[in-house]
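There are 2 protein chains.
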Amino acid sequence: MIGARAAGNRRRSQHGEGDEQQMTATTTSESDVQPTAGTVAALREVLDGRWPQVRAAVRERIETALHPPTADLSSEAHREQVLGQLHELAASGMQRLGFETRWGGTDDIGGSVTSFSMLGFSDLSLLVKAGVQWGLFGGAIQALGTEQHHERYLRPAMDLDLLGCFAMTETGHGSDVQSIRTTATYDVGTGELVVHTPDREARKDYIGNAARDGRLAVVFAQLATGGEGHGVHAVLVPIRDENGDPAPGVTIEDCGRKAGLNGVDNGRLTFDSVRVPREALLDRYGSVAEDGTYSSPIENDSRRFFTMLGTLVRGRVSIAGGGITATELALTIALRYAERRRQFARPGSDEEVVLLDYLAHQRRLLPALATTYALHLAQDELVGLLHDVQSDPEPDDARQRELEGHAAGLKAAATWHATATIQTCREACGGAGYLWENQLPALKADTDVFTTFEGDNTVLLQLLAKTLLTRYRDHFGDLDTLGTVRFVADQVVEAVIERTSARAVLQRLASARRGPDSDLRDRAWHVQLFEDRERHVLETLARRLRAAAGEDGDPFEAFNAAQDHLLRAARVHVDRLVLDAFVSAVDRCEDPRAAALLDQVCDLHVLSTIEQDLDWFTGHGRLTPARAKAVTRAVNDLCRELRPHASTLVDALAVPDAAVTAAFLRD
Amino acid sequence: MIGARAAGNRRRSQHGEGDEQQMTATTTSESDVQPTAGTVAALREVLDGRWPQVRAAVRERIETALHPPTADLSSEAHREQVLGQLHELAASGMQRLGFETRWGGTDDIGGSVTSFSMLGFSDLSLLVKAGVQWGLFGGAIQALGTEQHHERYLRPAMDLDLLGCFAMTETGHGSDVQSIRTTATYDVGTGELVVHTPDREARKDYIGNAARDGRLAVVFAQLATGGEGHGVHAVLVPIRDENGDPAPGVTIEDCGRKAGLNGVDNGRLTFDSVRVPREALLDRYGSVAEDGTYSSPIENDSRRFFTMLGTLVRGRVSIAGGGITATELALTIALRYAERRRQFARPGSDEEVVLLDYLAHQRRLLPALATTYALHLAQDELVGLLHDVQSDPEPDDARQRELEGHAAGLKAAATWHATATIQTCREACGGAGYLWENQLPALKADTDVFTTFEGDNTVLLQLLAKTLLTRYRDHFGDLDTLGTVRFVADQVVEAVIERTSARAVLQRLASARRGPDSDLRDRAWHVQLFEDRERHVLETLARRLRAAAGEDGDPFEAFNAAQDHLLRAARVHVDRLVLDAFVSAVDRCEDPRAAALLDQVCDLHVLSTIEQDLDWFTGHGRLTPARAKAVTRAVNDLCRELRPHASTLVDALAVPDAAVTAAFLRD
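Sequences listed follow chains A and B, in order. Residue numbers for the first sequence follow the numbering used here, beginning at 3 and rising by one. Residue numbers for the second sequence follow the numbering used here, beginning at 3 and rising by one.
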């Protein structure tokens, strides 16, 4: 049962516990399967990606300064603690990474997002509070404002001399923010903008920093001048005075207790015809002259709005990263517990079995760990893309759209994975996992909202799917030609499956031409299988929508009837992106032992992903029933093989020791 | 596309929005699909099952007295509130249902479990606290003690003059309670039992009522007399004195904050050679004479232990019910929100779309609602079985085992469903669902532990699977004969698929002989499909274990390698039990409109359950790929058909108005 494989240049046998041979035919000795510090370091190097020094700095900070909240902290005390930690962060200069050098920043976008995400090891409330202050509030001023705003506000925002809010969501409009109803009407008589909340549904809701600390808000509102509307724009509105009392005309409510993130002061803002000077408009994408004349570099209201939103993609990328960070912490806790906890004696023995030696327990935790590796590596690639796109002095529309699509898809995948995995970790630790002192309750509660804020996951996947359909239409025009196109599958794949970058390893794998009987662990087969599924789902979706449109029915009903298909198209697209990232990372890893281990982790990720969608693969003739059963067996085999390496894989995640406070891991 | 069906005596067309015809061939008019108060009442009658008067009484009590906790209540204040509510309950006499009439009870076991479960509409902490006091503490004294214990303790326990604990779980042993290490050693010199905690792993952990209120504990310990061990027994040990201070030799710790259920005071108990009189032993299943002679009606230590555990099955059944209650409340909230919340305008219209009109939103909530109906009805049947078995003056071992198996399986299914569905409800309400004021955070956090307490779900399913295997072996003896047995499938089905009761409707459906091309909504086909799957999974499991055993390998490894198969066998068994219950309930419903609607709900439950396991059905030749796709389409169709009836189905759940406090449902 030794199978050769073409992926990379490694061979290995497929069976046997913890088998991990590389390039040689020698027998694996006991010592070969022992984790070495070198393997951990090599894996960590891969996981640390492009910003290892930033990661090291945040880890150091967490070890020394930023401690998680204790149990039974009241919301008020928790808010106080988080604000204190925010000041510590500000003193460290971490926030400067995200700002331009001319305003005192260090202009390292990727480093900035990486460091924000890693705050999830400390307290997710701190991550969110920092994200609100510097990412959303400061970020909006930088991205949507012009020099006068930058000059006046960026330094105090960075230094926390000015705390602010990002007031976009309203009670009545969260996903559909283009339809918000707050108004900003220019009064030509006084040269002021009048910011107003017409009714309860239009109040700003869930706004971080609003209930307690914020002084100035970036308020998104429908701009009108001379009786004419210009769509959504952002206006700076003071919400509190020097004493912290609400500014005149501003009503502030506290959202009160939430499931988690109670260290963040979310609130509601209502504006009763609040007047601000014309200069308060963040006017990079639209400005109002003194006489009320409106001008913008982007003609179309809707296009302008989405351009404005597009500049704010960093927040979404940071949340994806924060979700992954929290998942890594949860898995570190659950796997370490699973390695020390014993229950039920072996038959005929007094020795009790370690939890992680049970297949069912491996099944719960190891595929989740493998997919966490995959998402971590995909996230790293996304952060790189964000950095490159936003650092580019020449904006590139196509790459910006690609970035937004990847960010939407990965945010959805990573945060749903976080929710599911942290839940599994809690359950895998039994009653002990329910105690606050063992950290999992806070991780679960804090990350729960990640799936629905910074873009609701379901809505994000639909946006992504629509982008994919648009790209598809751009390539193929009239979808009637699909019947023909199917026969030139290679061309379709190349056109539809746009890659982040043309990477040699993926090109080689994609062109290796695997048949349906390929080795189950053949990476070329995996890559082709995922591409093939993506293409098929998208093609059939396009055809279906085309057919529905041809029937002259209600376009909403036609789209709605295909909504599950639409979401599926986005999901399988993300699966393929994530696999691409994992394959590339394995290829980059130079330490042979670490690379071989990573390769097995990738196998487990791929095969357990296939297993979750087996009915599609068998139903569409991609896997025979016998081969489908073999997939399940292979996942079991991989769990057994990786079991001895679980602690190596956990150590490589490099969660700071100070972040792992769980009482049940103490001796 | 009109399909006749044999299930029940109803016919209906299969397509069209909200189509719901009964027995007549007349066209469905608009008014036919409008919910009527009569339909709601008829559905409610089915759901209220055997104890409608108990349900009505608890609803009334919740409307008038038992209010859920407010936000930001400290753990201490929450504990105080729940204790107060416990006293209100005691005054109402609800707890008397669970006790024998001779001690002041009213001896209505099913009514008792039903009423406990419904406390989930109020505050799940109250449900758990009541369950600890009366179900576990009082219940153990009643079930494991003898007359002297009943006489002395049951009235004060009922009246809350004596608050108590059920101290079984230890830090080191939760699932494997037979291996607990607390000792109870008889000292013949003084006639006392010495209760002792040998080390930290042996301390009693997560014990409800221990941290604050309990005075007396039922302590499970390894009993030894004259140097000989007799296995686990229960001993009454005072843990606090009259002033509430820890009793001499008893150390009490507080488990502190938990993810939820913070109105319950869980604690840890350590005993330092605490002496109690010999009479403190709950001696129904084992007694110690003054000279230290041990005697028991059950010879075997292990058998005795499991008999003792078996008497305590009520707690497990109550938790399954509590999970369902919480799920019903969560779905009521999420579905009512989905009917009033709008987001995104229809293309070419200013009208915004109601969330529940989106297929994706229907997909998230309606199959979950259908399965909640299914579990509710299965739970009702389980409660009936519990009542009948425990009310029977002649104990029947086979029925007791059946009861324990059903309780284990349904507890796992219902609590996992609760966790997943409440999570979905939270996400379906977006950021609003994350606010405490909208109830979902507390429901989520409180029910989270249900999957791992009163028996860890994974462990329970394994126990159930082992019971099924034992029953299988009892029928077929040598498993080598399986090759032959497969050709007499009917006999196998009859023997393996033991029914709770021989119900005419199921017998008729099971014998109706449906082919692979049956109408997708043919109930006879559903019943046969689920039975066939159960039989196949169990047969192949038995064969696999037999083969592994034949290889003379390590029995633990053989069993462990099949662990996923084992869990699956239990799951598909539970699926079949749940379907049986649903089918019977539809058959009982006499109102034709309600019956037709319930029938559609059953279709959605069945087809979405099949959809979740499509790879099995296609992989094992039970569904062709084309038919598998038709299943997905049928689920979509059913979502659309049931959409107009969502509020009827929610109203029929009859959640008390006072229990629905969510701020976003207020006008």
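Because the hints were derived from the structure by calculation, they are not lab data. Be aware that one or more of the hints could be misleading.
If chains are identical, the list can't say which one is meant, so a pair holds when it fits in one copy or spans any two.
[Unchecked claim] The calculated SDA-like cross-link candidates involving lysine to any residue, where the alpha carbons are at most 25 Å apart (straight line), are: (1) Lys468 - Phe561; (2) Lys468 - Thr650; (3) Lys468 - Tyr296; (4) Lys468 - Glu47; (5) Lys631 - Glu153; (6) Lys468 - Gly51; (7) Lys468 - Pro250; (8) Lys468 - Ser289; (9) Lys631 - Pro299; (10) Lys468 - Glu90; (11) Lys631 - Ala563; (12) Lys631 - Thr173; (13) Lys468 - Ala514; (14) Lys631 - Arg217; (15) Lys631 - Glu65; (16) Lys631 - Val42; (17) Lys631 - Gly51.
Each hint, compared with the structure:
no., hint, verdict
1, Lys468 - Phe561, "within (11 Å within a copy, 48 Å between copies)"
2, Lys468 - Thr650, "neither (41 Å within a copy, 35 Å between copies)"
3, Lys468 - Tyr296, "neither (31 Å within a copy, 75 Å between copies)"
4, Lys468 - Glu47, "neither (36 Å within a copy, 46 Å between copies)"
5, Lys631 - Glu153, "neither (63 Å within a copy, 59 Å between copies)"
6, Lys468 - Gly51, "neither (31 Å within a copy, 48 Å between copies)"
7, Lys468 - Pro250, "neither (43 Å within a copy, 70 Å between copies)"
8, Lys468 - Ser289, "neither (31 Å within a copy, 73 Å between copies)"
9, Lys631 - Pro299, "neither (58 Å within a copy, 49 Å between copies)"
10, Lys468 - Glu90, "neither (42 Å within a copy, 57 Å between copies)"
11, Lys631 - Ala563, "between (32 Å within a copy, 15 Å between copies)"
12, Lys631 - Thr173, "neither (49 Å within a copy, 39 Å between copies)"
13, Lys468 - Ala514, "neither (31 Å within a copy, 47 Å between copies)"
14, Lys631 - Arg217, "neither (60 Å within a copy, 55 Å between copies)"
15, Lys631 - Glu65, "neither (46 Å within a copy, 53 Å between copies)"
16, Lys631 - Val42, "neither (33 Å within a copy, 45 Å between copies)"
17, Lys631 - Gly51, "neither (36 Å within a copy, 42 Å between copies)"
The structure is inconsistent with the numbered hints 2, 3, 4, 5, 6, 7, 8, 9, 10, 12, 13, 14, 15, 16, 17, although it conforms to all the rest.
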